[in-house]
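Starting from the given sequences, assemble the full structure and let the hints guide the process.
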Amino acid sequence: MYIENKSEGLNGPARIGRVTLSKSGQSLRYGRQEFQRLGGRGFKANYFDAATGDHYWISGPRKDGADRLHPGSTVPVEIDADVAEEYWRDIRALPARQ
Numbered sequence: 018m019y020i021e022n023k024s025e026g027l028n029g030p031a032r033i034g035r036v037t038l039s040k041s042g043q044s045l046r047y048g049r050q051e052f053q054r055l056g057g058r059g060f061k062a063n064y065f066d067a068a069t070g071d072h073y074w075i076s077g078p079r080k081d082g083a084d085r086l087h088p089g090s091t092v093p094v095e096i097d098a099d100v101a102e103e104y105w106r107d108i109r110a111l112p113a114r115q
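Residues in the sequence shown are numbered from 18 upward in steps of one, following this note's numbering.
Source of the hints: derived by calculation from the structure; they are not laboratory data.
Note that the Cβ used here is the ideal one computed from N, Cα and C, for glycine as well.
A portion of the hints provided could be inaccurate.
[What the hints assert, rightly or not] Ranges of calculated distance between the beta carbons of each label pair, as one might list FRET restraints:
| hint | residue 1 | residue 2 | range |
| --- | --- | --- | --- |
| 1 | Gly57 | Glu103 | 28 to 34 angstroms |
| 2 | Ala101 | Gly57 | 28 to 34 angstroms |
| 3 | Gly57 | Ser24 | 16 to 22 angstroms |
| 4 | Lys61 | Pro112 | 20 to 26 angstroms |
| 5 | Glu95 | Glu51 | 16 to 22 angstroms |
[Claimed, not checked] Taking lysine to aspartate or glutamate pairs in the EDC-like style, the calculated list, with each CA pair at most 16 angstroms apart, reads:
| hint | residue 1 | residue 2 |
| --- | --- | --- |
| 6 | Lys80 | Asp66 |
| 7 | Lys40 | Glu51 |
| 8 | Lys80 | Glu51 |
| 9 | Lys80 | Glu102 |
Written out as structure tokens, the structure reads:
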């Protein structure tokens, strides 16, 4: 999934990583973080960190790589090492990159 922190502004740190969805679909986990749905109550965000309350934009990664909600950002999107090969091969249909 594409995960972008919106707590410090519209163009926050972002990454591509593997998440685990809850059975109800109302929450998800990324590493040690648990995110709850905002249910339409967020501004440019759709989840919040259950521990900190920070807002996040979380969505499926796009084939064209234009994952940021605001594409003008120059902040690079990090890709977790455990999903990098799968991301480049299956999502972007490109050779693996570093």
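Can you give the numbers of the hints that this structure goes against, from lowest to highest?
Violated hints (numbers, rising): 4, 6 and 8; every other hint is consistent with the structure.
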